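Enquirer: Sequence:
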Amino acid sequence: MGNFTSAGRFTTPTCTQFIQDVVSHNCVVIFSKTTCPYCKMAKNVFNQIGATYKVIELDEHRDGQQLQEALTQMSGAKTVPRVFVNGRCIGGGSDTRQLHEQGKLVPLIQMCNPCCLNNAAEGSGSGHDTS
Numbered sequence: 001m002g003n004f005t006s007a008g009r010f011t012t013p014t015c016t017q018f019i020q021d022v023v024s025h026n027c028v029v030i031f032s033k034t035t036c037p038y039c040k041m042a043k044n045v046f047n048q049i050g051a052t053y054k055v056i057e058l059d060e061h062r063d064g065q066q067l068q069e070a071l072t073q074m075s076g077a078k079t080v081p082r083v084f085v086n087g088r089c090i091g092g093g094s095d096t097r098q099l100h101e102q103g104k105l106v107p108l109i110q111m112c113n114p115c116c117l118n119n120a121a122e123g124s125g126s127g128h129d130t131s
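At position 92 of the sequence shown the residue is numbered 92 (the UniProt record's numbering), and the sequence of numbers has no breaks.
Hint data in this document are derived by calculation from the structure and do not stem from the laboratory.
Each hint should be verified, as a subset may be incorrect.
What the hints assert, rightly or not - Label pairs and their in silico Cβ distance ranges:
no., residue 1, residue 2, range
1, Pro13, Gln102, 29 to 37 Å
2, Ser24, Arg62, 15 to 23 Å
3, Gln17, Gly103, 18 to 26 Å
4, Thr12, Met111, 25 to 33 Å
5, Met41, Thr11, 25 to 33 Å
6, Ile49, Gly87, 16 to 24 Å
As the list claims (entries may be wrong) - Keeping only pairs whose Cα atoms sit at most 25 Å apart, straight-line, the calculated BS3-like set for lysine-lysine is:
no., residue 1, residue 2
7, Lys33, Lys78
8, Lys78, Lys40
9, Lys104, Lys40
Please read all numbers here as calculations on a predicted model, not as lab measurements.
Ideal placement from N, C-alpha and C gives every residue a C-beta, glycine not left out.
Take the sequences, apply the hints, and build the full model.
Expert: Here is the structure:
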């Protein structure tokens, strides 16, 4: 029970573990909010190149605020999206678009660990968290 607050929500260490688990089992993960234009930008980049990705919509997740706080601690940035490729945060929507325009995004995806490639289809491009 030490992983939950009195309201039954995740604590920051539990959120950090959740993020690490999702990121380690999926080649591309986007922590997003449904109304965010930069989040849509990041998703559109992956849709354009045909890459599969997992989306965690923080504004629809029960522990979205705590997850965003954990992402801030992990990445140093408070904004969404937070995009992870092959276990590494590559930044937000503009960063994702810039990497794609520079021809650096697809090679990062192609370098994904085998564990990530095996599970990449789960939640791919759906825009919804399947957890």
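Enquirer: Is the straight-line distance between the alpha-carbon of Lys104 and that of Lys40 25 Å or less?
Expert: 20 Å, holds
Enquirer: Is the distance from the Cβ of Gln17 to the Cβ of Gly103 consistent with 18 to 26 Å?
Expert: 34 Å, violated
Enquirer: Lying within 15 to 23 Å: is that true of the beta-carbon distance Ser24 to Arg62?
Expert: Because 22 Å falls inside the window, the suggested range holds.
Enquirer: Is it true that Ile49 and Gly87 lie within 16 to 24 Å of each other by Cβ?
Expert: At 19 Å between Cβs, range holds.
Enquirer: Compare the distance between the alpha carbons of Lys78 and Lys40 with 25 Å, and conclude whether the hinted pair is satisfied.
Expert: 17 Å, holds
Enquirer: Need the status of pair Lys33, Lys78: alpha-carbon distance at most 25 Å?
Expert: Roughly 13 Å between the alpha carbons, so the hint for Lys33 and Lys78 holds.
Enquirer: Per the hint of 29 to 37 Å, is the separation of the Cβ atoms of Pro13 and Gln102 within bounds?
Expert: Cβ of Pro13 to Cβ of Gln102: about 36 Å, so the range 29 to 37 Å holds.
Enquirer: May I ask you to test the hint 25 to 33 Å on the CB atoms belonging to Thr12 and Met111?
Expert: The hint (25 to 33 Å, Cβ to Cβ) holds, given that Thr12 and Met111 are roughly 30 Å apart.
Enquirer: Quick one: are Met41 and Thr11 within 25 to 33 Å, going by C-beta?
Expert: 31 Å Cβ-Cβ, so the 25 to 33 Å window holds.
Against the hints set out earlier in the document, a violation occurs for number 3 only.
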